[in-house]
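Going down the list, the protein sequences come from chains A and B. Residue numbering for the first sequence follows the working numbering, starting at 8 and increasing by one per position. Residue numbering for the second sequence follows the working numbering, starting at 313 and increasing by one per position.
For the record, the hints were derived by calculation from the structure and aren't laboratory data. Wrong hints could be hidden among the right ones.
[As the list claims (entries may be wrong)] Derived DMTMM-like pairs (lysine to aspartate or glutamate); straight-line CA-CA distance at most 25 Å:
1. B:331 to A:118
2. A:156 to A:29
3. A:199 to B:404
4. B:510 to B:347
5. B:331 to B:404
6. B:510 to A:191
7. B:377 to B:395
8. B:377 to A:118
9. A:199 to B:326
10. B:321 to B:395
11. B:317 to B:427
12. B:321 to B:507
13. A:156 to B:404
14. A:32 to A:154
15. A:197 to A:65
16. A:62 to A:155
17. A:156 to B:395
18. B:331 to A:188
19. A:197 to B:395
20. A:123 to A:188
21. B:510 to B:395
22. A:199 to B:395
23. A:62 to A:191
24. A:186 to A:65
25. A:199 to A:188
26. B:510 to B:326
27. A:199 to A:29
28. A:62 to A:118
29. A:32 to A:155
30. A:197 to B:507
31. B:317 to B:395
Remember, predicted model here, so these are calculated numbers, not experimental data.
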Amino acid sequence: MNSAVLLSTLLATPDSGSPGFDLGKMMAIIIASIFVNNFVLARFLGICPFLGVSKQLDSAIGMGAAVIFVMTLATLGSWTVYNLLLVPMGLTYLSTIAFILIIASLVQLVEMILQKYSPALYSALGIFLPLITTNCAILGVAVLNIDEKYSLGYSLVNAIAAGIGFTLALILMAGLRQKLELADVPPAMKGKPVAFLVAGIMSIAFLGFAGLGG
Amino acid sequence: MSLIKDLTKGIYHENPVFKLVLGMCPFLAVTTSVENALGMGAAATFVLICSNFLVSLFRNIIPSKVRIPCYIVIIATFVTLVDMVMNAYLPDLHRSLGIFIPLIVVNCIILGRAEGFANRNPVLNSIADAIGMGIGFTLAMVVLASFRELLGNGTWLNFNILGSAYQNQPLLIAILAPGAFILLSFILGFSNILEQRKGGRQ
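Isolated chain A, as found in the complex (with noise of 0.2 Å):
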């Protein structure tokens, strides 16, 4: 396979055969994967670290660029494997398998760079970061970026909106839980419970995106 070609693979979209970019499509899916179909409020995605991590902006924010760094290598990593290993030997059964390594060896990249880099933000996320690796979210786009059949291009643009996304709803719980702290709240609601509820009445606002271009 040349060079042009290859190119002109990775870059086709597959509904209409042609290469490059539709704009319009790529702006639908940004705004379907940041709003409509937010990975945490409507997509149910990552609720761990969501409220694992959103007691602290700070550790918000940290977690949330960590997502979408790892999220965005995971597709490039899973979508490479996936359409030019995966496809050509006829083993797309083991994707799964195949996905789950690829996110894993990541995470520990990440979290090795992190360490050596940033240690301040590494002692802040602490033992999440670990725990990206379960994130249901990362290995959630993998996934759909296979079954919606997107181009890499598009797979990336999915995976950064899809980050953008997560970090989008754990900033603004996070900002939330700050203000829930001083709120009388009844005893047997304290915790987890409340953020629930939180969490729910967030998922309302994000359904009247719904029809937004999804």
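Got chain A; can you put chain B on it based on the hints?
Leaving out everything else, chain B in the frame of chain A:
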């Protein structure tokens, strides 16, 4: 004796969802109907039993430094198995569970039990633990799914309960995403109240 304790603790005292708040993603996503909840529960329980069995069997062989990748590969293998079997024999259920079948791999309950129980307990206890946790997870999903399906669609396991008059104007939000969060919050709050009552009496 300890086998029975390992089996039953997952159902109530250490219920993975209500007490440990693990496995939230599939829990919230597939509870739109009781049928989906049962399907997801069966799939997750199968994976949990198989992975606990293998992890416990190999607990002295797997080097502790690479244990997590090993667990993930074991779990992913069984998830692939479930995915293919379900695709072949229950295509409708497979379609409605969608991406949440491959996502069983990253279900915290399964990895949590492998790391927290199976890697330091004998094989039989690990299987008992897996069965208990699986039943606990399934029951919790059925509870939430019952509320959501009944309120949002007027049915329970596809039987019409509340009549067609209700079905014309159901409480649609229960079946949409916000309903899952809000109903779960009430269920958790209610279980906290029960717990406090019990604590007060003692």
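Hint check results:
For the hint linking residue 331 of chain B to residue 118 of chain A, the alpha-carbon distance of about 30 Å lies beyond 25 Å, and the restraint is violated. Distance hint between residue 156 of chain A and residue 29 of chain A is fulfilled; the C-alpha atoms sit about 15 Å from each other, no more than 25 Å. With a C-alpha separation of about 34 Å, the suggested pairing of residue 199 of chain A with residue 404 of chain B is violated against the 25 Å cut-off. Proximity of residue 510 of chain B to residue 347 of chain B is assessed by CA-CA distance (about 33 Å); at most 25 Å being required, the pair is judged violated.
For the hint pairing residue 331 of chain B with residue 404 of chain B, the CA-to-CA distance comes to about 32 Å; that exceeds 25 Å, so the pair is violated. Using a Cα cut-off of 25 Å, the hinted pair residue 510 of chain B and residue 191 of chain A holds, with the two alpha carbons roughly 24 Å apart. Our distance criterion of 25 Å between C-alpha atoms is broken by residue 377 of chain B and residue 395 of chain B, whose separation comes to about 29 Å. The straight-line distance between the Cα atoms of residue 377 of chain B and residue 118 of chain A is roughly 16 Å, inside the 25 Å bound, and the hint therefore holds.
A threshold of 25 Å between alpha carbons decides the hint, and for residue 199 of chain A with residue 326 of chain B the separation of about 16 Å falls inside it, so the pair holds. For a cut-off of 25 Å, the pair hint linking residue 321 of chain B to residue 395 of chain B is broken: about 28 Å separates their Cα positions. For a cut-off of 25 Å, the pair hint linking residue 317 of chain B to residue 427 of chain B stands: about 19 Å separates their Cα positions. Restraint check for residue 321 of chain B and residue 507 of chain B: satisfied, since their Cα atoms lie roughly 16 Å apart, inside the 25 Å limit.
At roughly 21 Å between alpha-carbon atoms, residue 156 of chain A and residue 404 of chain B fall within 25 Å of each other, so this suggested pair holds. As the CA atoms of residue 32 of chain A and residue 154 of chain A are separated by approximately 17 Å, the hinted pair is consistent with the 25 Å bound. Only pairs whose Cα atoms come within 25 Å are accepted, and residue 197 of chain A paired with residue 65 of chain A is accepted, the gap being roughly 22 Å. For a cut-off of 25 Å, the pair hint linking residue 62 of chain A to residue 155 of chain A is broken: about 34 Å separates their Cα positions.
Simply put, residue 156 of chain A and residue 395 of chain B have alpha-carbon atoms about 19 Å apart, close enough for the 25 Å limit, and the pair holds. A C-alpha spacing of about 22 Å is found between residue 331 of chain B and residue 188 of chain A, which places the hinted pair at or below 25 Å, so the restraint holds. A hinted pair counts as satisfied when its Cα atoms are at most 25 Å apart, and residue 197 of chain A with residue 395 of chain B does not qualify at roughly 38 Å. Taking the CA atoms of residue 123 of chain A and residue 188 of chain A, the gap is near 34 Å; set against the 25 Å cutoff, the hint is violated.
Between residue 510 of chain B and residue 395 of chain B the CA atoms are separated by roughly 42 Å; this puts the pair beyond 25 Å, and the hint is violated. A C-alpha spacing of about 32 Å is found between residue 199 of chain A and residue 395 of chain B, which places the hinted pair above 25 Å, so the restraint is violated. Restraint check: the Cα-Cα separation between residue 62 of chain A and residue 191 of chain A comes to about 17 Å, which is no more than 25 Å; the hinted pair holds. For the proposed pair residue 186 of chain A and residue 65 of chain A, the alpha carbon gap of about 15 Å is at most 25 Å, so the pair holds.
Restraint check: the Cα-Cα separation between residue 199 of chain A and residue 188 of chain A comes to about 12 Å, which is no more than 25 Å; the hinted pair holds. For the suggested pair residue 510 of chain B and residue 326 of chain B, the alpha carbons sit about 16 Å apart, so the restraint of at most 25 Å is met. About 43 Å separates the Cα atoms of residue 199 of chain A and residue 29 of chain A, which puts this hinted pair outside 25 Å; it is violated. For the hint pairing residue 62 of chain A with residue 118 of chain A, the CA-to-CA distance comes to about 21 Å; that is within 25 Å, so the pair holds.
Straight-line distance between C-alpha atoms of residue 32 of chain A and residue 155 of chain A comes to about 13 Å, which keeps the hinted pair within the 25 Å bound. Proposed proximity of residue 197 of chain A and residue 507 of chain B is supported: the alpha carbons are some 13 Å apart, at most 25 Å. With a C-alpha separation of about 31 Å, the suggested pairing of residue 317 of chain B with residue 395 of chain B is violated against the 25 Å cut-off.
Hints 1, 3, 4, 5, 7, 10, 16, 19, 20, 21, 22, 27 and 31 from the list above are not met by this structure, while the remaining hints are.
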